[in-house]
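J.: In case you want the letters, here they are:
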Amino acid sequence: MFDPSILFSSVLNGLTTGAVYALIALGLTLIYGVLHIINFAHGACLMLALYAVYFLKERLGIDPYLALPVVVPGMFALGYGLQRIVINRAGHGKDENILLATLGIAIVMENLALIFFKSDTRNIDTAYSLSTVAIGPAMIAVPKLVAFAGALVVSSLLFWIMGRTDLGRAIRAVAKEKEGAKLMGIDVDHVYAMSFGIGLACLGAAACFLLPAYYVNPQVGGGFVLVAFTIVVLGGMGSFVGALVGGLLVGVVESLGGLYLGESLGQIGIFAIFIGVVLFRPEGMFGARA
Amino acid sequence: MSELAKQGGRQLALIALFAVLVACVPLATRSGTVLNFVMMALYATLLAQAWNILGGFGGQFSFGHALFFGTGAYIQAIAQLQGGINAWVALALAILGAALAGLFVGALSFRYGLKGSYFALVTLAFAEVFRILALSVPFTGGGVGLMVPLRESAANLQFGSRSGYLWLVLGFVVAALLLSWWLRRSRFGAYLQAVRDNEDAARAVGVNPFRIKLAAIGLSGAFMGAAGAFYVQVFQYIDPGIAYGASTSVEALVAAIVGGMGTLWGPVLGAVVLHVLADLTRNLFGELPGINMVIYGVVLVLIVIFLPRGIAGLGLSARRLWKGGRHG
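These protein sequence lines map, in sequence, to chains P and C. With my numbering, letter number 212 in the first sequence gets 212, and the count goes up by one each step, no holes. With my numbering, letter number 130 in the second sequence gets 130, and the count goes up by one each step, no holes.
Derived by calculation from the structure, the hints in this document are not laboratory data. Misleading hints may appear alongside valid ones.
[Unchecked claim] Derived contacts from chain P toward chain C, CB cut-off under 10 Å, selection only:
hint: 1; residue: Ile-38
hint: 2; residue: Gly-74
hint: 3; residue: Ala-77
hint: 4; residue: Leu-99
hint: 5; residue: Ala-106
hint: 6; residue: Met-109
hint: 7; residue: Glu-110
hint: 8; residue: Asn-111
hint: 9; residue: Ala-113
hint: 10; residue: His-190
hint: 11; residue: Tyr-214
hint: 12; residue: Tyr-215
hint: 13; residue: Leu-226
hint: 14; residue: Phe-229
hint: 15; residue: Phe-274
[Stated by the list, open to error] Residues of chain P clear of chain C, computed beta-carbon distances all greater than 10 Å:
hint: 16; residue: Glu-96
hint: 17; residue: Leu-130
hint: 18; residue: Leu-167
The beta-carbon is built from N, C-alpha and C at its ideal position, and this holds for glycine as well.
Whole structure, please, built from the sequences with the hints as guidance.
T.: Next up, the structure:
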């Protein structure tokens, strides 16, 4: 067995990664809860956001954390446009069609990135990239701590938007009862596009917090997409609290799995959880049994 | 003769005509480029046909069909390399193994009533698990992959020219055409399409959806496995990325959807159209990695938005329009 201090630092590391996972999953679960579609392009959109953060830093020298006010609205606009122009028209009343449309979008984004940015893995250098702080016996990288805190702040902001604002009320109304909301004068297509936009804005924030301690290449989204689905399914489709708890849990499981089983087999753990949950408890930890 | 029987006979004649015409291509030309193009188009057709059995006729959208492709490919390679088994016997084993993989995934996911997006994601996750396993276990050669040594002879399933491979894959394509033809006319096919259109209604009239879907995924897996084995024989190499990577899954489903799901000729149309498009872009832009996939993605989105029934569906509406005009 391992020394308890290694275990402790592994759990802490898992929690910091998990918070970013949670942020990614929150966007996914919001889109699912409102539009009842699985956004297969979620990982590819995260990849685009990561490239945006990368180029802002490399070309214009903008610090990743200061890039938040640029990347977050940019991703929001991308999401709003994608939903309005592409996804909204692809449904024809069938969920599978939307899944296929988002799959098509993901393929296009990933391969355009491959063409324009090449397959090189890139990362950025910041003054704080390698600095660490001690928490008890563990050493945690500063960017990871910032990511943890930032992810929690953005999540709370999202909770506030959903719970306390008119937009949040409209989104919840549409999610619950689309026809009724329409009769009350809510512009459903607009609310759909807003939800999709907010979902991708979460990715923008996640990208800013992620890149100082992470890397980007055209395939980077693929890894995140199944992790995010796992979290969303684990937490119960459409559940916010579930996504938050599920994200932290998956982060810790991945970290411990990597510690005990090694890098690649640790990854299988995530897929095993995903397959297991979908098969045996598709309503998730916090979802009501259908 | 009833209208249905007459139509069925006409379709059979069409399949026979297709088989004879394509089989004659190597007799008409010795050009390697042409033969290679036809062979690769047939290979893409086979992928689309395999996906179409489960996705088109059964309505179960798999995002991880590479799972069966890769399993067939690895069995084909490993049986020859480690087992010293004859390539033709290995081919049979590969088809059988891929069908079993299909039954395994199907038994798990259909037993628990997975459908729609959940089924799509679980098949994707299975393919990923297999990819990681293939990277980690010793007998697949890990990331280095497996090389099948060159021993040209028909008994070894290695042909000196493209013609042999063309005839081999044509055989599979025709078999899949006949299976699709049978699916459109048989009791089993009717059950399968009933389950696709309304599972509860099908169950209410006494169809067992679990068994029907299981049979469909087994058949689908078998053809995918044949494609995997064919790949290994032609290119004599396989690695985890080629075997279980997403691009084979995508190629199979895009071609079937573009051509027209649940139709006889849709996968053929879709695969040929995509292949021609890919060739054209290669001539326009040169060898850019990923450009094919960009085209596939764009075509997929456009088809889902504007032609959800695929190219074959377009032909159907045009014929109906023409007939309507004539009667009216």
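J.: Taking the least C-beta to C-beta distance, is Tyr-215/P closer than 10 Å to chain C?
T.: Violated, because the Cβ-Cβ distance from Tyr-215/P to chain C comes to roughly 19 Å (cut-off 10 Å).
J.: Does the interface hint hold: is Ile-38/P within less than 10 Å of chain C, judged Cβ to Cβ?
T.: Result: holds, 5 Å to nearest chain C Cβ.
J.: Do the numbers back the hint for Leu-226/P, that is, is its least Cβ distance to chain C under 10 Å?
T.: holds (6 Å)
J.: Holds or violated: the hint that Met-109/P contacts chain C, with Cβ atoms closer than 10 Å.
T.: holds (8 Å)
J.: For Glu-96/P, is the shortest beta carbon distance to chain C beyond 10 Å?
T.: violated (5 Å)
J.: May I ask you to test the interface hint for Tyr-214/P with respect to chain C, counting a Cβ-Cβ separation under 10 Å as satisfied?
T.: Hint on Tyr-214/P: violated, closest Cβ of chain C at ~20 Å, above 10 Å.
J.: Holds or violated: Phe-274/P as interface residue toward chain C, Cβ cutoff 10 Å?
T.: holds (5 Å)
J.: Answer holds if the nearest beta-carbon of chain C is closer than 10 Å to that of Ala-77/P; otherwise answer violated.
T.: violated (19 Å)
J.: Given His-190/P as an interface hint, is its Cβ closer than 10 Å to any Cβ of chain C?
T.: Violated, about 20 Å.
J.: For the hint on Gly-74/P, just tell me whether its beta-carbon gets within less than 10 Å of chain C.
T.: This interface hint is violated because 21 Å lies over the 10 Å limit.
J.: Find the nearest Cβ of chain C to the Cβ of Leu-130/P and say whether that gap is larger than 10 Å.
T.: holds (29 Å)
J.: Holds or violated: is there a CB of chain C closer than 10 Å to the CB of Glu-110/P?
T.: holds (8 Å)
In the structure shown, a violation is registered for the earlier hints numbered 2, 3, 10, 11, 12 and 16, in ascending order.
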